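Novice: Here's the letter readout for the chains.
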Amino acid sequence: MKYLANVATLQYAPEKCTGCGRCAEVCPHGVFAMQEKRAVVTDRDQCMECGACALNCEYGAIAVNSGVGCAAALINSMVTGGPPICGCDSTPGGNCC
Amino acid sequence: MQKLTFITKETKKAGGACCGTVTTTDNTCSGDTARNILSCPSANRTAPRWITGAVPTPAGAVPQITAEWTVEDRWGMIKSRTGAYRMRYTVAPGLYALGEPGKDSDIFVTANYKLSFDILRRALTGHHAWVLVLDTKGINVWCAAGKGTFGTDELVKRITGARLDEIVGHRRLIVPQLGAVGVKAGEVHKRTGFRVSFGPVEARDIPAYVRAGYSKTREMTTMGFPMFDRMVLTPMEINPAMKKFPWFAAVVLLIFGLQPSGILFRPAWTGGLPFLLFGLVSVFAGAFVTPVLLPWIPGRSFAVKGWIMGMLSVLLVHQLDGMPVQGGAFGLAVVYLFFPAMTSYIALQFTGSTTFTGMSGVKKELKYGVPAYITATAISVVLLIAQKIREWSVL
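Same order as they appear, the protein sequences are chains A and B.
Counted from 1, the first sequence has number 80 at position 80 by my numbering; the numbering is strictly sequential.
Counted from 1, the second sequence has number 94 at position 94 by my numbering; the numbering is strictly sequential.
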């Protein structure tokens with residue numbers, strides 16, 4: 001299953017990669033793979049912008065604009081002007097994430 | 001290892017100081033809320049069935065748990081899946097001993113959403129391991145990691161609070177892979193000396209992962225979204241939509257019941273009923289049919305997928321159902337304009353529950369979707385008003 005093409009904000013600077021393999025270890029969609037001791041991006045459109053790779057890259061080679069991909073939260077933030085927050089905290093019993 | 005009964009000498013010594021308010025007594029007690037269960041005499045009566053005893057360690061007794069699920073655990077899963085008490089389904093955070101772990105046993109980290117904890121417990125059947133539960137306010141690992149509650153600071157706090165360095169001889173932690181959204185492995189290592197390995201996405205792959213020398217296959221690393229997984233999420237799509245349904249019903253009945261002579265029951269019912277039926281079908285199409293049939297519905301956009309399913313449902317119900325739609329051409333236009341849009345909107349909500357949709361994509365969908373929904377609703381209202389005016393001028 002793939003979501004919309006060409007929207008992911010994933011940026012990768014291969015020259016900063018040290019080949020530690022964390023990104024490939026944490027990506028839930030196999031966007032990163034290790035080739036010749038370097039990380040490579042296999043399919044950007046598989047990226048769901050969870051941010052695990054960027055958080056765990058100690059060398060600053062990865063950047064991604066991550067956040068809640070939750071329509072209700074984004075609509076709420078459009079209406080209130082506040083940050084997008086899922087229903088979990090504010091409305092008990094509401095849908096989470 | 002010696003298996004202790006629930007109240008041991010050690011736990012009696014600790015006294016009843018920590019009873020009740022487990023979260024606020026963090027500092028005065030062992031620093032590990034799970035362990036406070038042991039030091040609370042009243043806990044002996046109310047202790048959950050999955051706690052089977054206590055395991056002594058150099059850092060004090062640790063509650064011992066079983067991998068087995070009871071009927072209560074199963075029933076709890078069903079209730080939490082359907083949203084009955086989802087937000088209060090928690091376990092006390094801290095360290096637990098599954099089976100009879102020792103100095104070399106693995107440490108598995110999880111969230112304090114009881115279902116996450118139970119799934120890990122069950123996956124570790126036959127293992128002796130430590131289970132470190134983070135306080136995620138009852139939210140599962142992935143969602144909590146996204147919010148940061150399943151995060152570096154909380155993990156560091158629990159490692160030190162449980163005095164893990166005294167309990168185990170090694171310095172390895174196995175964190176669920178999806179926790180990587182909130183846990184910075186490098187920082188955890190720097191602050192505690194514990195090296196984080198991100199385990200498989202699914203707890204059920206843990207035995208194979210351990211057997212393979214803590215290495216993951218591609219299947220263990222990637223997150224699928226099979227039909228069953230999609231289906232169990234649908235109650236939490238249907239429930240919020242149905243909570244708003246009475247408002248929709250009230251508006252529909254009001255519009256159709258509104259007559260020059262006041263609000264009348266009979267026209268409200270005969271005119272409104274088909275609309276209520278279309279409404280129910282639209283909720284079902286958006287909150288159940290679209291998620292379940294997701295990969296087979298054309299398009300990548302959830303709004304488009306939902307609209308297609310909404311259109312098909314309206315067509316189907318309109319063809320099969322004998323109930324006439326009131327309001328002639330205007331009424332029909334409203335049915336075909338409003339209800340597919342409603343299904344599309346509900347289907348779009350499911351982006352929040354999938355394992356593969358990202359924020360940028362959802363934003364793009366909303367950029368085109370929200371104006372379309374507002375337009376469809378506005379035109380529908382105008383058409384219904386126009387229809388009223390037409391009816392009344394005839395009268």
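Be a bit skeptical, because a hint or two may be false.
[Unchecked claim] Which bits of chain A does chain B cover? Going by a derived footprint, with three or more residues having C-beta under 8 angstroms, they are:
#1 11–18
#2 36–48
#3 76–83
[Stated by the list, open to error] Only part of the chain A face toward chain B is listed, based on derived beta-carbon distances under 10 angstroms:
#4 4
#5 22
#6 58
#7 72
#8 73
[To be verified] Here are the computed distance ranges between Cβ atoms for each label pair:
#9 B:128 / A:5: 42 to 52 angstroms
#10 A:1 / B:280: 20 to 30 angstroms
#11 B:374 / A:60: 36 to 46 angstroms
Worth flagging that the hints you see were computed from the coordinates, not collected in a lab.
Given the structure is predicted, the values throughout are model-derived calculations rather than measurements.
We put the CB at the ideal spot given by N, CA and C, even for glycine.
Novice: Hints first: check each against the structure and report whether it holds.
Specialist: Results of checking the hints against the structure:
For the stretch 11–18 of chain A, the proposed coverage by chain B is not satisfied: 0 residues have a C-beta within less than 8 angstroms of a C-beta in that chain, short of the threshold of three. Against chain B, the stretch 36–48 of chain A contributes 3 residues with a C-beta closer than 8 angstroms to a partner C-beta. That satisfies the three-residue criterion, and the hint holds. Judged by the Cβ-Cβ criterion of 8 angstroms, the stretch 76–83 of chain A is not covered by chain B as claimed, because only 1 of its residues qualify and three are needed. Taking 10 angstroms as the C-beta contact cut-off toward chain B, the hint placing residue 4 of chain A at the interface holds, the least distance being around 4 angstroms.
Here the hint on residue 22 of chain A is kept, as its CB sits about 7 angstroms from the closest CB of chain B, short of 10 angstroms. Annotation: residue 58 of chain A was flagged as interfacial toward chain B, and the flag holds, the nearest CB pair being 5 angstroms apart, inside 10 angstroms. For residue 72 of chain A, the shortest C-beta to C-beta distance to chain B is roughly 6 angstroms, which falls under 10 angstroms, so the interface hint holds. A hinted interface residue such as residue 73 of chain A counts as satisfied when its beta carbon comes closer than 10 angstroms to some beta carbon of chain B; here the least separation is about 7 angstroms, so the hint holds.
In this structure, residue 128 of chain B and residue 5 of chain A meet the distance hint of 42 to 52 angstroms, their C-beta atoms being roughly 47 angstroms apart. For residue 1 of chain A and residue 280 of chain B, the Cβ-Cβ distance of about 28 angstroms falls inside the hinted range of 20 to 30 angstroms, so the restraint holds. Checking the proposed 36 to 46 angstroms range against residue 374 of chain B and residue 60 of chain A shows it holds: the Cβ atoms sit about 42 angstroms from each other.
In summary, the structure is inconsistent with hints 1, 3 from the numbered list given earlier, while agreeing with the others.
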